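First to last, the protein sequences are chains A and B. My numbering numbers the first residue of the first sequence as 1 and each following residue consecutively. My numbering numbers the first residue of the second sequence as 1 and each following residue consecutively.
Hints may be right or wrong, so weigh each one.
Okay, the calculated bits of chain B under chain A, using three or more residues with CB under 8 Å as the criterion [claimed, not checked]:
| id | region |
| --- | --- |
| 1 | 21 to 33 |
| 2 | 63 to 74 |
| 3 | 80 to 86 |
Hints were generated in silico from the structure; no laboratory data involved. Since this is a predicted model, take the numbers as computed values, not measurements. Ideal placement from N, C-alpha and C gives every residue a C-beta, glycine not left out.
Chain by chain, the residues:
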Amino acid sequence: MSDYRTAATALRCKECERVSELTAAYVCEYCFGPLEVLYDTERIQAVVSRERIAAGPLSLWRYRDFLPCAPDDPTAGLQAGLTPLLRAPRLAAELGLGDVWVKNDTANPTHSFKDRVVSVALEKARDLGYRVVACASTGNLANAVAAHASAHGLESYVFVPADLEEQKIVATAVYGTTLVAVDGVYDDVNRLCMELAADRPWAFVNVNVRPYYSEGSKTLAYEVAEQLGWRLPDRCIVPIASGSLYTKIHRGFRDLLETGLVEGETPVLDGAQAAGCGPVAAAYGAGLDFVSPVRPDTIAKSLAIGNPADGVFALDVARETGGSVSDVTEEEIVEGIELLARTTGVFTETAGGVTTAVLTKLARAGRISPDERVVLYVTGDGLKTLDAVASRIERVDVAPTVASFEEALGEARLVA
Amino acid sequence: MPVTVRIPAPLRPVTGGAAAVECAPGTVRELIDQLDAQHAGFRDRVMEDGSLRRFVNVFVAGEDVRFGDGIDTAVAEGQEVTILPAVAGGSAP
Chain A
1 MSDYRTAATA
11 LRCKECERVS
21 ELTAAYVCEY
31 CFGPLEVLYD
41 TERIQAVVSR
51 ERIAAGPLSL
61 WRYRDFLPCA
71 PDDPTAGLQA
81 GLTPLLRAPR
91 LAAELGLGDV
101 WVKNDTANPT
111 HSFKDRVVSV
121 ALEKARDLGY
131 RVVACASTGN
141 LANAVAAHAS
151 AHGLESYVFV
161 PADLEEQKIV
171 ATAVYGTTLV
181 AVDGVYDDVN
191 RLCMELAADR
201 PWAFVNVNVR
211 PYYSEGSKTL
221 AYEVAEQLGW
231 RLPDRCIVPI
241 ASGSLYTKIH
251 RGFRDLLETG
261 LVEGETPVLD
271 GAQAAGCGPV
281 AAAYGAGLDF
291 VSPVRPDTIA
301 KSLAIGNPAD
311 GVFALDVARE
321 TGGSVSDVTE
331 EEIVEGIELL
341 ARTTGVFTET
351 AGGVTTAVLT
361 KLARAGRISP
371 DERVVLYVTG
381 DGLKTLDAVA
391 SRIERVDVAP
401 TVASFEEALG
411 EARLVA
Chain B
1 MPVTVRIPAP
11 LRPVTGGAAA
21 VECAPGTVRE
31 LIDQLDAQHA
41 GFRDRVMEDG
51 SLRRFVNVFV
61 AGEDVRFGDG
71 IDTAVAEGQE
81 VTILPAVAGG
91 SAP
């Protein structure tokens, strides 16, 4: 894509508004606030069009005009994005709704939406001259970093707590990364990574290239609009961990409206959290404009951030779009996973159970009109959190005889 | 034994490059006053309008002070205080 030049111009702090250059950065040097990438929007508007996007790569790079970087060869490495947007009529019927869609990001190369943000982070890291990438994670981010680094021939280090489940360790280490098991809890691992990041030329994807990393989430908005035929949904349900995904999806829809690629109104954005780690939901429910940290205690581990850096910005988005931030119980999370699997054939992890459960809660409370087009963002695969549903599945045990089968299943006979 | 305050990379230019500074015991607010007396401008980087800046986290012996008494949290002799930006990404145990 030799005609590509990013429209990104600078970084700006969302808290104190200081502007800085497009270098590796974690947070604002002055006040530690989150940084966002600034773009020359006139330049984007002059270049982008529906036709240009449609003619682009079959991956998230087709939206490169809105991103801070793009590879020369978009077909190299794992292809993230352009995941299915499924009609979900049986889920809609179950909830008394008219038009529900599932954005199925389990279909990404490492089965979570992290493939998007890691794709952008690694490309920017290479742009900045890094040859080694790293992260602290216990789940989806670890899988994605290890896999994408190997796909690009980059050296990588993934830091995990030493007592992480064996399955998760195997599913990350298999890609050939150096897996560093730290004797401590996750917060210790993260702190270690921040200290290491300060003193060595490694790109920690959610630390020193974080502002670029988070831009990848905007593609979840662009894709849904394109897949709906360049129309916007009326409402989206999105999980909230740090609040980055939720606020960037909002930003993506704003980008489409501001460049004239679509017409209409920004969708209502409903955020979803687990009650066992629901600091943003609590603040929303209490009508506050600040978020107090909590100690996470939930099976929704990939949403278990007790002190979400984008929490206050998520509150702003919820209020601005006429949405909400709700939380659900552990039981509701598991029921959410089951409801989604049984009505759509999509098996999601606990984070997706949270999101489905919030959709259920809002629908049953009469908050969603049946004529709304609703999109449920499913961000990770159920195979990664099998424990959540393992004890609830049913199986029929029979001997290898027809008689045994008929005894077990009674009326289930062949129709002659 | 003095209190050790660990300084994150973005604030080291203010402390003359020091990654750790020793202080006398006291509340977090008093420690910040001590640091500002030794290194002018320190307070303004971590506080605004008399409170801790939104995205500045302070840990006393590993505990976030926002779970305790905020900047009125007492720091005893020999304890370690860490100043850090909000930690993000991945999942907690």
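Hint by hint, here is what the structure shows:
With 0 residues bearing a CB less than 8 Å from a CB of chain A, the region 21 to 33 of chain B misses the requirement of three and the coverage assertion fails. Residues of the region 63 to 74 of chain B with a Cβ under 8 Å from some Cβ of chain A number 3, which satisfies the need for three, so the listed coverage holds. Counting residues of the region 80 to 86 of chain B whose beta carbon lies closer than 8 Å to any beta carbon of chain A gives 4, which reaches the threshold of three, so the coverage claim holds.
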